[in-house]
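Residue numbers (full-length UniProt numbering), protein chains in the order written: chain D, 1 to 421; chain E, 1 to 181.
These are calculated hints, taken from the structure and not from any lab test. Computed from a prediction, not measured in an experiment: that's the story for all the values here. The beta-carbon is built from N, C-alpha and C at its ideal position, and this holds for glycine as well. One should not assume that every hint holds.
[What the hints assert, rightly or not] Listed below are the simulated SDA-like cross-link pairs for lysine to any residue, each with C-alpha atoms no more than 20 Å apart in a straight line:
id	chain 1	residue 1	chain 2	residue 2
1	D	LYS131	E	ALA48
2	D	LYS283	E	ALA166
3	D	LYS256	E	HIS150
4	D	LYS290	D	LYS131
[Unchecked claim] Some but not every residue of chain E turned toward chain D, in silico, with C-beta under 7 Å:
id	residue
5	ALA46
6	ALA48
7	GLN51
8	GLU157
9	LEU159
10	GLN164
11	SER165
12	ASP170
13	ALA173
[What the hints assert, rightly or not] From the derived model, a few chain D residues whose C-beta atoms are all more than 12 Å from chain E:
id	residue
14	PHE136
15	LEU248
16	PRO251
17	ILE252
18	GLU267
19	ILE407
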Amino acid sequence: MAFSSLIRLALKSAWSRKATLILSLFSVAVSIALLIGVDQLRNHTKAHFMNSLSGTDLIVGARSGPVNLLLYSLFHLGEATHNIDYQSYLSLQKMPQIDWTIPLSLGDSHRGFQVLGTNQDLYRHYRYADKQALQFAAGKPFNDLYDVVIGSEVARRFHYSLGHKLTLAHGMNPQHAIEHKGQIFTVVGILEPTGTPIDDSLQVSLKALEAIHVGWHNGAPSGLTLTPELARKLAPQPQTLTAVLVGLKNPIMTFKVQRKINQFADEPLSAILPGATLAKFWKTLGMFEKSLWAIGALVLAAALLNILMVLLAPLNERRREIAILRALGCHAGDVFKLFAIETAALMLSASAVGIALFYGLLNLAKYSFPQVLQFMPSLPLLTTQELAGLGLLGILALALSLIPAYIAYKRSLHDGLTPKL
Amino acid sequence: MSIKPLIYTALFPLLLGSSLSAYAEDEHHHHEHGAHEHGIAEMDVAIAGKQLMIDLESPAHNLFGFEHAPQTKQQKELFEQKRQQLRKGAPFILPQAAGCRLVEREDNLDELQHKTGGHSDLDFEWQFECADTAKLNVIDAKPLFASWPHLLKLRVEWLRGGVQSAQTLDKHATELRLTSE
Numbered sequence: 001m002a003f004s005s006l007i008r009l010a011l012k013s014a015w016s017r018k019a020t021l022i023l024s025l026f027s028v029a030v031s032i033a034l035l036i037g038v039d040q041l042r043n044h045t046k047a048h049f050m051n052s053l054s055g056t057d058l059i060v061g062a063r064s065g066p067v068n069l070l071l072y073s074l075f076h077l078g079e080a081t082h083n084i085d086y087q088s089y090l091s092l093q094k095m096p097q098i099d100w101t102i103p104l105s106l107g108d109s110h111r112g113f114q115v116l117g118t119n120q121d122l123y124r125h126y127r128y129a130d131k132q133a134l135q136f137a138a139g140k141p142f143n144d145l146y147d148v149v150i151g152s153e154v155a156r157r158f159h160y161s162l163g164h165k166l167t168l169a170h171g172m173n174p175q176h177a178i179e180h181k182g183q184i185f186t187v188v189g190i191l192e193p194t195g196t197p198i199d200d201s202l203q204v205s206l207k208a209l210e211a212i213h214v215g216w217h218n219g220a221p222s223g224l225t226l227t228p229e230l231a232r233k234l235a236p237q238p239q240t241l242t243a244v245l246v247g248l249k250n251p252i253m254t255f256k257v258q259r260k261i262n263q264f265a266d267e268p269l270s271a272i273l274p275g276a277t278l279a280k281f282w283k284t285l286g287m288f289e290k291s292l293w294a295i296g297a298l299v300l301a302a303a304l305l306n307i308l309m310v311l312l313a314p315l316n317e318r319r320r321e322i323a324i325l326r327a328l329g330c331h332a333g334d335v336f337k338l339f340a341i342e343t344a345a346l347m348l349s350a351s352a353v354g355i356a357l358f359y360g361l362l363n364l365a366k367y368s369f370p371q372v373l374q375f376m377p378s379l380p381l382l383t384t385q386e387l388a389g390l391g392l393l394g395i396l397a398l399a400l401s402l403i404p405a406y407i408a409y410k411r412s413l414h415d416g417l418t419p420k421l
Numbered sequence: 001m002s003i004k005p006l007i008y009t010a011l012f013p014l015l016l017g018s019s020l021s022a023y024a025e026d027e028h029h030h031h032e033h034g035a036h037e038h039g040i041a042e043m044d045v046a047i048a049g050k051q052l053m054i055d056l057e058s059p060a061h062n063l064f065g066f067e068h069a070p071q072t073k074q075q076k077e078l079f080e081q082k083r084q085q086l087r088k089g090a091p092f093i094l095p096q097a098a099g100c101r102l103v104e105r106e107d108n109l110d111e112l113q114h115k116t117g118g119h120s121d122l123d124f125e126w127q128f129e130c131a132d133t134a135k136l137n138v139i140d141a142k143p144l145f146a147s148w149p150h151l152l153k154l155r156v157e158w159l160r161g162g163v164q165s166a167q168t169l170d171k172h173a174t175e176l177r178l179t180s181e
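Excised from the complex, chain D in its bound form (with noise of 0.2 Å):
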């Protein structure tokens, strides 16, 4: 028989048995949505992380688990840390190893997003990706006390263009945040898309938030707030500083400045080697994952199961149909060839609503929690590795539809055209 014509008749055999297909197409289609999410959220995490420490020899904060620093102070994630004196980031500074630091200051927000108060050596020090240094799309650096730079996500966002006036929120949740009310800051800079937080990041000098905080306590604003020229004037010195990014003269003494910032002492400080503290997070991370891939190798097992369930079942219904088709001189073979064509049908049509379903569902999460998973793309392209994963389930599902294809060939020859009394 011509192929063409097996494989109409294949498909309108499964056609005629569609329900329980359909479902079985979905739960495929479901695990391979979570093997692919898992593996693609692996992925991207990785390079993103990666991406945004390049030169970056050691970040200091206040005395915490090195994860949490790193998380907090890099990627704003996580709980916040505890800040560290001013005066202390003074003396890193002067200590003879340090190359270069750069401050940083979190708590503060703008319609959900991070602002980072630091100074401009974040534009003349901050490596990310290869060595690369941060690019201005428009604009320069702040200089002004009311001045702000925005990341390109940012610009994206809100469709923000220089000269654009905006304020600043206390905390990070955008309900409950408290609006610097009076305090106009005016965006002076809109940096190049990096692929890091900064991206998501306003970015403004440490006096800026000391100014625009004048008057606080414990968290809750003042009836005190100053003009933007008694401000400008009055700017205090920054008091506490978050976290501190620093590189070295020479990478090889990074063990031992660590071990001096860690003895540091006027306040308890740690010093976390960034490339190494995130590699003992993936290690943590592995777990997590080889659990994950577990429920999905799991899930996956369980819905090729149901597949040959589904290709055997019918089978005495089917019994007529195809005694029918080796009466009409259809070969040994092409009975095969007609369970090969349903299964290779199904399983092709599950790949392609299971890579649906994982961008429906990513683009969900996406929305949901925009903070988390700003960095994966809304259409991240398969890999290799995942399209070749999927070729050999494929190939899997073939080998099972060999089972009911042999069980079918098999009692056609037997008892074919009797009838079951």
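Starting from the structure of chain D, add chain E where the hints point.
Same frame as chain D, but now just chain E:
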């Protein structure tokens, strides 16, 4: 059956969040530099230019089984034997091709002799000069594990040429792999 994976996928960010804070907690208890935990030691490896620097910090217990000045004849003998052995060289196997030569070593073993009670940490530092640090792709700590009978886990942080990473070694996996990934 098909709803469960959906839930897991949707919950992933939440699970991620909670595992982070759990991990941070764990870090705080066990991983602070200078923590004193028997069976565990911390090692730093730094490579730059032609230099290789290895620093080891470990509870004295991992080497001797006690943390005070040696008292009995047996303890004194053990102390002497270990001290001689450790001062002969570095307990690591480095790749021949790297052509590394020990140029300086330091330890605080003698401090233990004046120690009467409480915890006691040992500190070692080895400095090598290598003909070609690019060939330095693996450091085997087998001799270290062989001569430190109570050492179970060695937590290593290492760096080279802008790459930083970490690995934990034990008696069965003694090779530190100095490659990214």
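So, going through the hints one by one against the coordinates:
1. With a C-alpha separation of about 18 Å, the suggested pair D/LYS131 and E/ALA48 falls inside the 20 Å cut-off, and the hint holds.
2. Taking the CA atoms of D/LYS283 and E/ALA166, the gap is about 10 Å. The hint holds against a cut of 20 Å.
3. At most 20 Å may separate the alpha-carbon atoms for a hinted pair to count; D/LYS256 and E/HIS150 exceed this at roughly 27 Å.
4. Distance restraint check for D/LYS290 and D/LYS131: the Cα-Cα separation of roughly 32 Å exceeds the 20 Å cut-off, and the hinted pair is therefore not satisfied.
5. Here the hint on E/ALA46 is kept, as its CB sits about 5 Å from the closest CB of chain D, short of 7 Å.
6. The closest approach between the C-beta of E/ALA48 and any C-beta of chain D is roughly 4 Å, which is under the 7 Å cut-off, so the hint is satisfied.
7. About 6 Å separates the beta-carbon of E/GLN51 from the nearest beta-carbon of chain D, less than 7 Å, and the hint is met.
8. Taken as an interface hint, E/GLU157 checks out: its beta carbon lies about 4 Å from the nearest beta carbon of chain D, inside 7 Å.
9. Evaluation of the E/LEU159 hint against chain D yields a held restraint, the C-beta minimum of about 6 Å falling below 7 Å.
10. Given the 7 Å rule on beta carbons, the hint for E/GLN164 holds: about 3 Å separates it from the nearest Cβ of chain D.
11. Hint status for E/SER165: holds, given a least beta-carbon distance of 4 Å to chain D, under 7 Å.
12. For E/ASP170, the shortest C-beta to C-beta distance to chain D is roughly 14 Å, which exceeds 7 Å, and the interface hint is violated.
13. For the restraint placing E/ALA173 at the interface with chain D, the shortest Cβ-Cβ distance is roughly 13 Å, beyond the 7 Å limit, so the hint is violated.
14. The non-interface label for D/PHE136 is consistent with chain E: the shortest C-beta to C-beta separation is roughly 25 Å, beyond 12 Å.
15. Against chain E, the non-interface label of D/LEU248 is violated: not every CB pair exceeds 12 Å, the least being about 10 Å.
16. The Cβ of D/PRO251 does not lie farther than 12 Å from every Cβ of chain E; its closest approach is about 5 Å, which violates its non-interface assignment.
17. With a minimum CB-CB distance of about 4 Å to chain E, D/ILE252 fails to clear the 12 Å threshold, and the non-interface call is violated.
18. Taking the minimum C-beta to C-beta distance to chain E, about 16 Å, the non-interface status of D/GLU267 holds against the 12 Å cut.
19. The claim that D/ILE407 is not at the interface with chain E holds, since no C-beta of that chain comes within 12 Å of its own (minimum 25 Å).
The structure does not agree with the numbered hints 3, 4, 12, 13, 15, 16, 17 stated previously, though it agrees with the rest.
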